[in-house]
Amino acid sequence: MGNLRTGHLVEGALWLTLCLFLYHYSFEFDRSIEIYKFGASAWPRTIILLMAIAAIGQLLHHWKYGDATSSNLISAAMDDGSEEAAHEAHHESLRWYLSTFALLCIPFVYMRVPDWIAGWMNAGSTTLHILRLVIAAILIGVFISQARRNMVGAILTLPLFFAALLEDMGFYSLAPFFILGVMYLFHESRPKPMIAIMALIYGLLMLLFVKVLFVGLPVGNIHPFYDIGSWVVTVLQ
Amino acid sequence: MDAFSNFLTGTITLFSDPLGIAIFIGGVLGGMLFGAIPGVSMLTLAAILLPFTAHLSAEHGIMLFSVIYCTGVYGGAITAILFNIPGAPENAPTAFDGYPMTQKGQAGKAVGAAVMCSAIGGTVSCIIMMLATAAIADWAISAFGPPEIFALVFFGLAVAASVGAKTFWKGWLSILIGLMVAVVGLDPVGGIARYDFEMPYLLAGIHFIPTILGFFAVSEIFVQAEKKATGAFVAPKIGVEFPSLKELLAHKVAVVRSIFIGFFCGILPGIGATLAAFMGYNEAVRWSKKPEEFGKGKLEGVISSETANNAATGAAMIPLLALGLPGGALTAMMVGVFQMHDMEPGPLVFINSADLVWVVFAAMFFANLSIIFIGFLETKTIINLLRIPFQFLAPMILLLATVGAYAVRGLTIDVVVMFLAGVIGFFLRRSGYSVAGIVLGLILGKIGEQTFAQAMQMLHFEWSGFFHRPIALGLLVIGFATLAGSIYGAFFKTKPPPPTSETPA
Chain A
281 MGNLRTGHLV
291 EGALWLTLCL
301 FLYHYSFEFD
311 RSIEIYKFGA
321 SAWPRTIILL
331 MAIAAIGQLL
341 HHWKYGDATS
351 SNLISAAMDD
361 GSEEAAHEAH
371 HESLRWYLST
381 FALLCIPFVY
391 MRVPDWIAGW
401 MNAGSTTLHI
411 LRLVIAAILI
421 GVFISQARRN
431 MVGAILTLPL
441 FFAALLEDMG
451 FYSLAPFFIL
461 GVMYLFHESR
471 PKPMIAIMAL
481 IYGLLMLLFV
491 KVLFVGLPVG
501 NIHPFYDIGS
511 WVVTVLQ
Chain B
129 MDAFSNFLTG
139 TITLFSDPLG
149 IAIFIGGVLG
159 GMLFGAIPGV
169 SMLTLAAILL
179 PFTAHLSAEH
189 GIMLFSVIYC
199 TGVYGGAITA
209 ILFNIPGAPE
219 NAPTAFDGYP
229 MTQKGQAGKA
239 VGAAVMCSAI
249 GGTVSCIIMM
259 LATAAIADWA
269 ISAFGPPEIF
279 ALVFFGLAVA
289 ASVGAKTFWK
299 GWLSILIGLM
309 VAVVGLDPVG
319 GIARYDFEMP
329 YLLAGIHFIP
339 TILGFFAVSE
349 IFVQAEKKAT
359 GAFVAPKIGV
369 EFPSLKELLA
379 HKVAVVRSIF
389 IGFFCGILPG
399 IGATLAAFMG
409 YNEAVRWSKK
419 PEEFGKGKLE
429 GVISSETANN
439 AATGAAMIPL
449 LALGLPGGAL
459 TAMMVGVFQM
469 HDMEPGPLVF
479 INSADLVWVV
489 FAAMFFANLS
499 IIFIGFLETK
509 TIINLLRIPF
519 QFLAPMILLL
529 ATVGAYAVRG
539 LTIDVVVMFL
549 AGVIGFFLRR
559 SGYSVAGIVL
569 GLILGKIGEQ
579 TFAQAMQMLH
589 FEWSGFFHRP
599 IALGLLVIGF
609 ATLAGSIYGA
619 FFKTKPPPPT
629 SETPA
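Residue numbers (the working numbering), protein chains in the order written: chain A, 281 to 517; chain B, 129 to 633.
By construction, these hints were calculated from the structure, which means they are not laboratory data.
Please read these numbers as outputs of a predicted model, since none were measured by experiment.
Glycine residues also receive a C-beta, built at the ideal position from the N, C-alpha and C atoms.
Treat the hints loosely; a few may be bogus.
[To be verified] If you anchor each label on the Cβ, the simulated ranges turn out as follows:
no.: 1; chain 1: A; residue 1: G282; chain 2: B; residue 2: F392; range: 34 to 44 Å
no.: 2; chain 1: B; residue 1: F325; chain 2: A; residue 2: L413; range: 56 to 66 Å
no.: 3; chain 1: A; residue 1: A382; chain 2: B; residue 2: P146; range: 54 to 64 Å
no.: 4; chain 1: B; residue 1: K424; chain 2: A; residue 2: A382; range: 18 to 28 Å
no.: 5; chain 1: B; residue 1: A612; chain 2: A; residue 2: L289; range: 44 to 54 Å
no.: 6; chain 1: A; residue 1: G496; chain 2: B; residue 2: S372; range: 45 to 55 Å
no.: 7; chain 1: B; residue 1: G593; chain 2: A; residue 2: F307; range: 43 to 53 Å
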């Protein structure tokens, strides 16, 4: 097995699985074009082929050299220490990956599940909004309970969760909680500086983008978030 | 003399119009500021301003974007040096040595060198551009068809894949991810939907601004979060010490070399400043007597990269104006400004709107000069950003990125895409892949496929057609030679791993 480790095999398998999936999906648009004999699928399939070759090349590199870096000086210069940090934090274990993956599923659950349930119940828009609020509350609870155990997984999830909630709850209502959440996950726990910095960042952003540049940010769809967002915009503009 | 009188006319037109002056000053300050604030870039500012240019004249709109381009490329160097967050892909090589210099307490010296060299590179590029525009435009129009542009894109990708990632293979995989992301949406010839997964959002393709923000700014926050969690996070040391004239003169060869590299890379459509910066840096390493010092905080690395990328800004306007081909993300937005005013960039602009061209050139010249004066003043203020603890800076960066991603199209899904790109970028970075490679693949992927299709139609689907076009053939040969050299290096020149206690599988 040369210098191959389990991680290298998993990495290679992921790449080749991705190639297979993309190749399989390319049949969905494998149609001819009258003025272009290669059709719509030739270009992506060439990329997929090159990707598979590069993945195999990478696997051979690992087999021969293990984790050795290319002799290219610029490649070496690009090393920002992120690999080393991951290694030192023991964030390379299967358990850590599974825990992070579970946390990362939270935003996608919010984006999909309320619509599925509403569709199954044949519910109207009011019920859908209530459903969204209930599911959001449950998911926030799950997120908070898990965040302490995997802080890095939580910091990866929080912005995605914020983005998933943005359409319904609006930028104006969510931003203060998001600022506090990020600060907490970066190990800041002193309440007074947290509140002061939150007010400063929120105030500056509102002033620059809402008052000066008139950038329309999402106000939300659900009461009372929509009312709060609209009120902030009315006051500032 | 024609060029000089045209330049004078452009200067008089620019400075005799109060609105023009206000837009010029706003563009200079805005480009520098947005380039320098971590998490946002000149692209964010340009994206926010793009809808508003409909209310300006075409002359003012294009001038504003070109000024933002010049000063924003410089501004992006500040974040690359201070936070390891390149404001744009063209600032990525600046971070290679700039950030280690910051960690060694030499941030002031690195930023000072970036100010001087950005101004020198950009100003000289503008002068050459003004003197040679007509001849270069004529040459480019006659010599560069779709086969040449495709060959150029291939050459650019072959070079870019060889740098930036932990190994050559990871470099190529990074580029290929970018190319694959660029495939999503409608195909450029038949308009057939590809990899849309029946989601209407994906039909329009994945926008490059949220992707760039995600891969560069957001993933950097995540990496810093992990370092903080492990105690590996090191707050950069602060120091304000500009390089002396003697130090700069000691690097005069690097400056001149980078101006030439930057100008010739910038003039090549579709590649521009990014390749210029990488090649400027690469050549500095190759010509150096102490190449092992690069990547560890060598001033020459910053000088070479920053001179080259700013030297490309002036030249990048030529393919845009002469051929209608954007050299990068910001010049692509300029195409949007033209279209909003019912104009198409191309050879006719030089004939029908010569005034516009010369006002833009004059504005770019003065914008580059102003980097020296405003840049020095601004830098002293910006360096103080380092005093802000990262736990307070991180939410600010993430929210600015959110506004930037949302402002592009007013879609919350763009914000989701940005943060998703950040998560993917985080995992790829810690596995040794190159986020700069992904972004380059994304930007050049669309141009590459489109020009390949046009080239094949033009050559009646005969591959041998490339052999009858010397420029295309030359670029393809150099591209393949680069590739072959990198593959050879990957298999035979890699250093064997140090002995570890881990048991192989």
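Consistency of the hints with the structure:
Range check, A:G282 to B:F392: Cβ separation about 43 Å, and the 34 to 44 Å hint holds. Under the hint 56 to 66 Å, the C-beta atoms of B:F325 and A:L413, about 28 Å apart, miss the expected range. A hinted range of 54 to 64 Å for the beta carbons of A:A382 and B:P146 is consistent with their spacing of about 59 Å. Restraint check, B:K424 to A:A382: a C-beta distance of roughly 40 Å breaks the suggested window 18 to 28 Å.
Taking the beta carbon of each, B:A612 and A:L289 are about 28 Å apart, not inside 44 to 54 Å as hinted. Judged by the Cβ atoms, the range 45 to 55 Å given for A:G496 and B:S372 holds: they are separated by roughly 49 Å. Range check, B:G593 to A:F307: Cβ separation about 30 Å, and the 43 to 53 Å hint is violated.
This entry does not satisfy hints 2, 4, 5, 7, going by the numbered hints stated previously.
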